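Engineer: Given chain A, work out where chains B and C should sit, using these hints.
Protein chains in written order, with our numbering: chain A, 1 to 488; chain B, 489 to 971; chain C, 972 to 1069.
No wet-lab data here; the hints were simulated from the structure.
A few of these clues could be false.
[As the list claims (entries may be wrong)] Here are the computed distance ranges between Cβ atoms for each label pair: (1) B/E737 with C/E977: 18 to 28 Å; (2) A/R335 with B/G681: 52 to 62 Å; (3) A/E270 with C/S1003: 19 to 29 Å; (4) C/E1045 with B/E743: 33 to 43 Å; (5) B/E772 with A/G369: 26 to 36 Å; (6) C/S1003 with A/G258: 36 to 46 Å; (7) B/A750 with A/R335: 29 to 39 Å.
[As the list claims (entries may be wrong)] Among the chain C residues that face chain A by a calculated CB cut under 8 Å, a handful are: (8) L988; (9) A992; (10) Q1001; (11) L1002; (12) S1003; (13) R1011; (14) A1026; (15) V1038.
[To be verified] Below, simulated BS3-like cross-link-like pairs (lysine-lysine); rule was C-alpha separation at most 30 Å, straight line: (16) A/K376 with B/K567; (17) A/K356 with B/K909; (18) B/K880 with B/K909.
Note that the coordinates shown come from a computational prediction; the quantities given were computed from them, not determined experimentally.
The beta carbon of each residue, even a glycine, is placed where N, CA and C say it ideally should be.
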Amino acid sequence: MKELVGRPYHELRPRLGKDFSVGELVEAYLQTLEALEPHVRAYLTVTAEEARQQARALDRRLAAGESLPPLAGMPVALKDNLCTRGVRTTCGSRILESFVPPYDATAVRRLREAGAVVLGKTNLDEFAMGSSTENSGFFPTRNPWDLDYVPGGSSGGSAAAVAAGEALAALGSDTGGSIRQPASLCGVVGLKPTYGRVSRYGLVAFASSLDQIGPLALDVHDCALVLQVISGHDPHDSTSVDLPVPDFAAALEGGVRGVRVGLPTEFFGEGLQPEVRQAVLDAVRVLEGLGARVEEVHLPTLEYALPTYYLIACAEASSNLARYDGVAYGYRSPRARDLYTLYSRTRAEGFGPEVKRRIMLGTFALSAGYYEGFYKKAQQVRTLVRRDFDRCFQEVDVLAAPTSPVAGFRLGERTADPLQMYLADVYTIPVNLAGLPGISVPCGFAGGLPVGLQLVGRPFDEATLLRVAHAYQQATDWHRRRCPLRRG
Amino acid sequence: MEFETVIGLEIHVQLLTQSKMFCGCSTRFGAPPNTQTCPVCLGLPGSLPVINRRAVELGLRAALVLNCTVHPTSQFHRKNYYYPDLPKNYQISQYQYLEHPPLGTDGYLDVEVDGVRRRVGIRRVHLEEDTGKLVHPEDGTVSWVDYNRSGVPLMEIVTYPDLRSPQEAKAFLLKLRQVLQYAEVSTGRMEEGTLRCDANVSLRRPGEPLGTRTEVKNMNSLRSVERALSYEVARQREVLERGGAVVQETRHWDERRGVTFASRSKEEAEDYRYFPEPDLVPVEVSPEWLEEIRRTLPELPDARRDRLMAQYGLSRYDAELLVQTRATADFFEAAVAAHPSPKAIANWMLGDLTAYLNEHNLEIEQLRTTPSQLAELVRLVEDGTISGRIAKDVLVEMLQTGEGARSIVDRRGLVQIADEKALRETVDAVIRDHPEPVKDVQAGKEKAIAFLVGQVMRRTQGRANPALVQRLLRERLGLPTGS
Amino acid sequence: MRITPEVVERVARLSRLELTAEEIATFAAQLSSILEYFARLDRLPTEGVEPTSHALRITNVFRDDQVTPSLPVEDVVAMAPQAHEGFVVVPRVLEAEE
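The shape of chain A in the complex, shown without the other chains (with noise of 0.2 Å):
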């Protein structure tokens, strides 16, 4: 049943209960899984027994000639800052080692009821603070097509899973790039919806206003499957739009003849290694020969969007993460001596560097008399940043541009200058800025590692992004390319 593994649900959807039942497709996964983890070590906690019972049960609604929800027996793995219920949660952290959830997050929910079965939770940067999954603190995942390297952050270990075949499709948040950088380097379709699609209560906030949940997966036909049973609103989340849900899957035929791609020629510049500039215009040209009309734009902000979107997530962060103090769930230091001791010193112990650093930066970027200068200031070049994008939609349908400045680094390269791995989101940070759909599909290789090309899309047309990048797939066949260390 190895060879199972590794194909995508829309092709295997119409032979399930007749050339192979559920809890078939589900062991393959879990066999694969088990084999490859040692190496790849995407997973922070397997929940093999609970997708065997969870397969058994669907088997036996197909024998009993149900007809099954969209993603009936779907191996899916589930970033671990997603709550789920009885299952533990860490967010990759030492602070929620032992936190078990008495609820699902609304996707989580909607994924399950979908007929999805998870496989486990994914191992990610804490509290998805990075670029690269080192910050975990567990333990780094490694790429699965060259394990010295860094599968990307802070959804390496969803991204890492599908790579390898451990999981048919994962669940990731982006916040800055974390679900499209960390598809890119490990060579699978991430995508981050608008924000406001996706219901974002069961989430661990990071920043609030940037935050979107979102499917990885083997190619944008299955990404459409699951952004369709996650999307929508929710009334437990404010901020989750009220508006109807357009039918993903049907979106994706219709091809790109008259689609106006723009390139902004600053998402070209220094920076950008050249053989990802490569792989990125030839598959800009392949979407040309396509049909679609191609021409050049401007976002001249560019520049501002790091600093812009390191301050508000930095201050929302410090206020959401303020929360894991010892008090009522999750780790507390057994050297509290006092209130002040129990909140201090199980904050210390319980959160890593990168979390401290970006606490810190956050609280003092709202702290009084620096407010005015760096919170406030940050938000308005926000609004700067997103009449950049307006501007450029009422030229273009969708922005093509690279997804990562590199095609992968090493573990360990970045970690000692914060600056250079915050370095790596330049390209996707601004589209969370703007709070835009944005989709990363793999589009080449660079030293044997994948490259991503990146479109974005008009706030909640995920379906011309969807159409785009399918129509590219139909043309290309990067998607189907699959790691050494599957075929070994």
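Structural biologist: Coordinates of chains B and C only, in the frame set by chain A:
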């Protein structure tokens, strides 16, 4: 030295909603610890707040009855600080000085103390969530946290420093409670914890700028408010008269010792790092919505008092007492509607009925006796069926059992004796049996006739019509009956 | 922008993070260089530009005033590092004392 007292109040009232400010947990008081909590009010990872519409409506009602300017857009902010009763270590509140104003600003409430009317300015009214409750058990090493109260909707009301005495402060709080109770916004009771109050106190010489102020906290009843503020004013006066300077600090009121003391000084002032709450979207109050809320407001106490005076000819004093609570005023008007004797009904309500309620520690809403039953009692007195004396006893029985007046009177045979023929006999008997008082009366001591009347009343178990008894006695004794 | 160890200490206090002397020094240096990089924001004129305080342009999202089931107290107690008869237990919180 002449000093002017300057007091401003910061008040928190619990809003009358079924569920909490940002989640569906019950706000019911008195449940066992941590039985009314959920991911949201516990601040669990991944939880998000959603605004309770009713809390906003009640906030708007309050803003209107306090004559505030209601702002078309308002939003929530985070107030960041660490405390174990604050699960997220930030409180979702509304801060005035960022881009958007809070729910209501610049209102007023008129208060009267000893005949002096003062218009107390309301600086702002805003919404926020309450914190959990800390319990400190006897064993001094730990504290306990109960999150049932965490997330209960609160309204913060901040006055301008317009109060000029502790008495005014107390009167303001009473008035505020009354107005909020009328508007069904809050029960506003300090003893129940549905109203909490801190004060800012300073002294200055008239005409001079404001003096250094202290914040007084931990006043748990109206009486403590008056006592604490009186103490603090006296303390500050003493400092200033000595030539010293008042230190700007927070002072705790100690009920037991009757003093305020400076609380543990903090190393530095708390920096709350306010910023707009990103998990909530702004609240827009359209003119239509505001109008709809305005239309649902009841007649407020002052307006009702004035109307009762005009409509029923009541004195200001009586009217003021009758509008103390909306239930009392409603009871009064319903009784008058059943029997149009407003003055008599007012007297009964403010006299015997109030005495009974006080004695049994009851609210008028808790009575089984209905307004029309009271009205019936009054009618029975007015048409002579029973005497006023008997009516008092009847009322007590009515209040105890909920039985109607007529029913009690008939059952106990209390109908007044107004039959002259029957009374003459008793009158004659009394005259016969008490020759000394009779001589006194005939000698000109009119007061002695009261004794004789009393005797007749006694012999008739109080059922004789007193006026009739007077007349008969006078006739018998040869006195003019006109007096 | 120069972040001194004193500033780091103050911020660490506000954030309730106990730091070693070494951490204070390291963070001071790192935060300084990060903020120096961020200073480029000052080059961009933002007079009169509305801050984006909310990512979406929606308003008036409410819930009805209905009571919904709460968590069982067992769940709350199970999550707490220390509990006693339904309460969450913390080290003694000192109220105002003389």
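Engineer: Decide, hint by hint, whether the structure agrees.
Structural biologist: Right, here's what the structure says about each hint:
no., hint, in the structure
1, B/E737 with C/E977: 18 to 28 Å, "25 Å, holds"
2, A/R335 with B/G681: 52 to 62 Å, "36 Å, violated"
3, A/E270 with C/S1003: 19 to 29 Å, "24 Å, holds"
4, C/E1045 with B/E743: 33 to 43 Å, "38 Å, holds"
5, B/E772 with A/G369: 26 to 36 Å, "32 Å, holds"
6, C/S1003 with A/G258: 36 to 46 Å, "51 Å, violated"
7, B/A750 with A/R335: 29 to 39 Å, "32 Å, holds"
8, L988, "5 Å, holds"
9, A992, "13 Å, violated"
10, Q1001, "6 Å, holds"
11, L1002, "6 Å, holds"
12, S1003, "11 Å, violated"
13, R1011, "6 Å, holds"
14, A1026, "5 Å, holds"
15, V1038, "15 Å, violated"
16, A/K376 with B/K567, "16 Å, holds"
17, A/K356 with B/K909, "101 Å, violated"
18, B/K880 with B/K909, "26 Å, holds"
Going through the hint list in order, the structure does not satisfy hints 2, 6, 9, 12, 15 and 17.
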